[in-house]
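Colleague: Residues per chain, in single letters:
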Amino acid sequence: MSLNYTKKTVEHFLHPKNIGELKNPDAVAEVGNMTCGDQLSFSLKVKDGKVADIKFLSFGCASNIATASIMTEKVKGMTLEEAKNFKWQEIVDELGGLPKQKIHCSILASEGLKKVIEAYEEKNK
Amino acid sequence: MKIYLDNAATTRLDSRVLACMKPYLTTEYGNASSIHYMGQNNNLVLESARDRIAKILGAQSKGIIFTSGASESNNAIIKGVMLANADKGKHLIVSAIEHPCVLQSARQLIKHGFELDLAPVTEDGLIDMIALDKLIRPDTVLVSIMAVNNEIGVIQDLKTIAKLVHSKGAYFHSDIVQAIPYLDIDIEDLGLDFASLSAHKFYGPKGVGIAYVNPKVKIEPLIAGGEQENGLRAGTYNLPGIIGFAEALDLAYKEKIEHLNTVRELRDYMWQRIEAEIPEVHLNGSLTYRTPNNLNILFARIEGEAILMDLSMKGVCVSTGSACSAHNLKTSYVLQAIGLTLDNLNSNIRFSLGKFNTKKEVDYTVDALKKTVIRLRKFTPIKK
Chain A
1 MSLNYTKKTV EHFLHPKNIG ELKNPDAVAE VGNMTCGDQL SFSLKVKDGK
51 VADIKFLSFG CASNIATASI MTEKVKGMTL EEAKNFKWQE IVDELGGLPK
101 QKIHCSILAS EGLKKVIEAY EEKNK
Chain B
126 MKIYLDNAAT TRLDSRVLAC MKPYLTTEYG NASSIHYMGQ NNNLVLESAR
176 DRIAKILGAQ SKGIIFTSGA SESNNAIIKG VMLANADKGK HLIVSAIEHP
226 CVLQSARQLI KHGFELDLAP VTEDGLIDMI ALDKLIRPDT VLVSIMAVNN
276 EIGVIQDLKT IAKLVHSKGA YFHSDIVQAI PYLDIDIEDL GLDFASLSAH
326 KFYGPKGVGI AYVNPKVKIE PLIAGGEQEN GLRAGTYNLP GIIGFAEALD
376 LAYKEKIEHL NTVRELRDYM WQRIEAEIPE VHLNGSLTYR TPNNLNILFA
426 RIEGEAILMD LSMKGVCVST GSACSAHNLK TSYVLQAIGL TLDNLNSNIR
476 FSLGKFNTKK EVDYTVDALK KTVIRLRKFT PIKK
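Protein chains in written order, with this note's numbering: chain A, 1 to 125; chain B, 126 to 509.
Okay, chain B solo, but in the shape it has when bound (with noise of 0.2 Å):
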């Protein structure tokens, strides 16, 4: 049996998407900026796939620009933004629980002159808006804040955030990459002035992604060598990728609310199970708040990594916090953040469900989940 229950990690590519990019990989591989017919025939189809992402996501098609995956487009904006608006000011301000990418970014600005706060989450680890009203300074340049967070799920209100933002005279830039397909992107009426993503969390490629930059700000790029992108993205066009990309997006747009009472049953169904068979658990995170793909769930007495890696014997794979932190032993500062206590944070696991999961698959994890616990509390030397 194998079973996928990390789809926050990344999820399958959609074989529709795949049969879209195939001729790209294949018959029609022209580098999509040559001047020959292969390069330019590329061009047009590359343009309007831009298009229309554009359109799907409520953007300026002049404001989307592609990269590897949101990794590179939290460090190119973060950084680029920060660099090129240094005579604004030299103050940013990211939330407590972002993704590392975005955290680490922030801090190696610390180190040439720019100085960083972290806005702080509440329990349910929603923004502390009194919290990020007061840091937000004069020279605040840049405010970055998730709009889903990728270990416990919890939606912010983008919204009201970039309302803030703005109001004070700073750019609000989201990192995106866990909202689609379960919240309403739309840039321009949220009011991102930038956001970052990837196809491959949308059952769409690995290794292609976007970066949203309003077209009126200024952003220094990172990849610097080429005039593609207009200049802030050097690097041949991914076209295989990007296809895949608009494909995706498309996909996930259009078959949104089925996708989302799909994985929102089976969520709620594996959560019930889950608290009515298995004793000493808690919810991590607001059940309210958060996307209906995620349970962070903490199994007290036991040991996280121990309970992944006996599910992944059975064939079952889930997470302990995000995939990134699997290999570097370091606890959560996401449930850190939401007020777990220092005994209880290694002790997490991450279930991300996805279109593709069954109910007899969330029934075969239970089971054997139930096992696992038992399992590993009859020799925790952790007494109750």
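So that you can see chain A by itself, here it is in the shape it has in the complex (with noise of 0.2 Å):
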């Protein structure tokens, strides 16, 4: 088994986007645990119904961290529905791959994005 990663991905694991906390953000929320060996932890600004920034931290692999920079960078400027239906796949490819047994990071990315938008939804009903 392989657990070669693309130069992206290393990339983005060395000199992670989007990492640290927003200050006063319009919502916050937590994916994954530190048993599983994954966490990560979004924080969101919204702006016209869109993303106007969005940061994260991360417990987790390179992989892990790679994911959630490159999909954050991906969904800044999305309208909250766009990016609510931010796929993984889009986190692969743009990844350009990832190794099979770490396709879970970049579900618990979009999982995590899908959870900060809707923790802003119901504060904001």
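Any given hint might turn out to be false.
Below, in silico cross-link-like pairs of lysine-lysine (DSS-like), each with a Cα-Cα straight-line distance of 25 Å or less [said to hold, decoys possible]:
| hint | chain 1 | residue 1 | chain 2 | residue 2 |
| --- | --- | --- | --- | --- |
| 1 | B | Lys259 | B | Lys293 |
| 2 | B | Lys509 | A | Lys23 |
| 3 | B | Lys127 | A | Lys7 |
| 4 | A | Lys17 | B | Lys439 |
| 5 | B | Lys503 | A | Lys76 |
| 6 | A | Lys17 | B | Lys495 |
| 7 | B | Lys508 | A | Lys23 |
| 8 | B | Lys508 | A | Lys115 |
| 9 | B | Lys503 | A | Lys74 |
| 10 | A | Lys7 | B | Lys439 |
| 11 | A | Lys7 | B | Lys503 |
| 12 | A | Lys45 | B | Lys503 |
The calculated label-pair distances, taken between Cβ atoms and stated as ranges, are [as the list claims (entries may be wrong)]:
| hint | chain 1 | residue 1 | chain 2 | residue 2 | range |
| --- | --- | --- | --- | --- | --- |
| 13 | B | Phe481 | A | Ser2 | 23 to 31 Å |
| 14 | B | Asp176 | A | Lys7 | 27 to 35 Å |
| 15 | A | Gly96 | B | Lys484 | 36 to 44 Å |
| 16 | B | Asp468 | A | Asn4 | 28 to 36 Å |
| 17 | B | Met438 | A | Lys100 | 16 to 24 Å |
| 18 | B | Lys381 | A | Gly20 | 49 to 57 Å |
| 19 | A | Glu73 | B | Gly351 | 31 to 39 Å |
| 20 | B | His407 | A | Thr79 | 42 to 50 Å |
| 21 | B | Asp258 | A | Glu122 | 56 to 64 Å |
| 22 | A | Asp48 | B | Lys484 | 55 to 63 Å |
| 23 | A | Glu30 | B | Asp311 | 54 to 62 Å |
| 24 | B | Leu408 | A | Asn4 | 27 to 35 Å |
| 25 | B | Lys288 | A | Glu21 | 56 to 64 Å |
| 26 | A | Lys17 | B | Leu289 | 53 to 61 Å |
What the hints contain is simulated information worked out from the structure, not anything from laboratory work.
From a predicted model like this one, the values you see are computed outputs, not experimental measurements.
Each residue gets a CB set at the ideal place from its N, CA and C atoms; glycine is no exception.
Given two chains presented individually in distinct reference frames, assemble the corresponding complex, making use of the accompanying hints.
Modeller: Below you can see the structure in the form of structure tokens.
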């Protein structure tokens, strides 16, 4: 079994985008846990129904960090509806592929995104 | 910078070993089972290697069976002994911290009507002798306990365990693959009925090992279909590998003290620096009953594989737990067995030093590790 990451995945692992916590976020959400070995915390800012800013914290492997990094890059500026429907397959494609035992990282990232948007929607019903 | 601190996974072939192997790959390539002179000359070479190995390990030559490595040996012994001695009983015990090839071989037997118990370990990783005593039954045929754990380097007291097992009428097997050159392995003195070894763990070639089988005990062959090894293991003799095994073993015993001192000094220095310079670290397993090459360290609040990859990008090769566990994404049952909490199971790194490592490499590694830990802790969601 191979655990070779693409150059792009490595780049996002070494220099992740949007890492950290937003000040005064409009919503926060957490997915995964330490026991699974994967945890992501998202903070979100919304303006005019669009993703104005999004940041994340990670307790996870290289692909956990890289998937959240590239996803947050891609969804900035999207409407909440578009972002909610952002598919994990797009993350995999953007990275140029992921080892199959790491696909779950992209799924976790997209679940986290959905969760933070839903948390926002819940608050602003 | 290329720094290899994963010597418990495999080691670099010693060039002196390679030199001994070369003729049997190039000019002396006859099949050691062939009747012509090229075969028979090699047959003599093969048997003299077997005698040499037996002498070093304190075993009878006829008990040494060449295999492809310890995984095969463990499979062959566990399944072969249980199948051949089913009239004696159908119960076996292996420790909870065995290598997966031992655990899985034992579990495979359950499907065929055998019963398995796992012997627990204490927080130090040492076999709980009272629990083991209670687990051994009149129909227990085999007890299998590794000499040195691959993840935490903990050393078991094989002689005492062998005595207990024998006093109850069972056979004793030990996977000693991580023990050379760190322990004084004398198979008969320790009271081992069976043992498994791989050459590549002590600077020999990959793809060759031995199964030691007490010639008085019945065993069913795992690989059948040839007369090699008295019908106990079919397959063309891997003569270059066997020569490499004998030479590497010989060097390991001859240069043992020097090797031990080198790795212990480096290991202790490395742990001192890490403990002093990196906050929130914890050493997993007993420091007293541990081989001098191993450090298994918990880095709180950050994930082990991320640490490994970050170090790898800086040229440093380490492991999270055992190399075999790297791909199945399961947390370490070994660290779980020694009492780590679930939250901490994914935050550990194994550093295993070897005779080719230098102080400069250790310094580079600790410096790199400091940066790695600082970087990853900057964005962990886990609070102190």
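Colleague: Evaluate each hint against the coordinates.
Modeller: For each hint, the structure was consulted:
1. A distance of roughly 11 Å separates the Cα atoms of B/Lys259 and B/Lys293; the hinted pair therefore holds under the 25 Å criterion.
2. For the hint linking B/Lys509 to A/Lys23, the alpha-carbon distance of about 20 Å falls within 25 Å, and the restraint holds.
3. Pair hint B/Lys127 plus A/Lys7 holds up; C-alpha atoms about 20 Å apart against a cutoff of 25 Å.
4. A distance of roughly 20 Å separates the Cα atoms of A/Lys17 and B/Lys439; the hinted pair therefore holds under the 25 Å criterion.
5. Distance check on the hinted pair: B/Lys503 and A/Lys76 sit about 23 Å apart at the alpha-carbon level, within 25 Å; holds.
6. Using a Cα cut-off of 25 Å, the hinted pair A/Lys17 and B/Lys495 holds, with the two alpha carbons roughly 22 Å apart.
7. A distance of roughly 17 Å separates the Cα atoms of B/Lys508 and A/Lys23; the hinted pair therefore holds under the 25 Å criterion.
8. Annotation: proposed proximity of B/Lys508 to A/Lys115 holds, straight-line Cα distance about 21 Å (limit 25 Å).
9. With a C-alpha separation of about 23 Å, the suggested pair B/Lys503 and A/Lys74 falls inside the 25 Å cut-off, and the hint holds.
10. Of the supplied pair hints, the one linking A/Lys7 and B/Lys439 holds, its CA atoms being roughly 15 Å apart against a limit of 25 Å.
11. For the hint linking A/Lys7 to B/Lys503, the alpha-carbon distance of about 23 Å falls within 25 Å, and the restraint holds.
12. Using a Cα cut-off of 25 Å, the hinted pair A/Lys45 and B/Lys503 holds, with the two alpha carbons roughly 21 Å apart.
13. About 27 Å separates the C-beta atoms of B/Phe481 and A/Ser2, a value consistent with the hinted range of 23 to 31 Å.
14. For the pair B/Asp176 and A/Lys7, the supplied restraint of 27 to 35 Å is violated, since their beta-carbon distance comes to about 53 Å.
15. Between A/Gly96 and B/Lys484 the CB atoms are about 40 Å apart, so this pair conforms to the stated range of 36 to 44 Å.
16. Between B/Asp468 and A/Asn4 the beta carbons are some 30 Å apart, a value that agrees with the proposed interval 28 to 36 Å.
17. B/Met438 and A/Lys100 have their C-beta atoms about 22 Å apart, which keeps the hinted 16 to 24 Å range intact.
18. At roughly 51 Å, the beta carbons of B/Lys381 and A/Gly20 sit within the given window of 49 to 57 Å.
19. The supplied range of 31 to 39 Å is broken by A/Glu73 and B/Gly351, whose beta-carbon atoms lie about 60 Å from each other.
20. Checked against the hint of 42 to 50 Å, the C-beta distance between B/His407 and A/Thr79 comes to roughly 47 Å, which is consistent with it.
21. Our hint of 56 to 64 Å for B/Asp258 and A/Glu122 holds, since their Cβ atoms are close to 58 Å apart.
22. In this structure, A/Asp48 and B/Lys484 meet the distance hint of 55 to 63 Å, their C-beta atoms being roughly 60 Å apart.
23. Our hint of 54 to 62 Å for A/Glu30 and B/Asp311 holds, since their Cβ atoms are close to 55 Å apart.
24. Taking 27 to 35 Å as the suggested C-beta distance range, the pair B/Leu408 and A/Asn4 conforms, at roughly 32 Å.
25. A hinted range of 56 to 64 Å holds for the C-beta pair B/Lys288 and A/Glu21, which are about 59 Å apart.
26. At about 59 Å, the CB distance of A/Lys17 to B/Leu289 agrees with the hint of 53 to 61 Å.
Of the numbered hints listed earlier, those contradicted by the structure are 14, 19.
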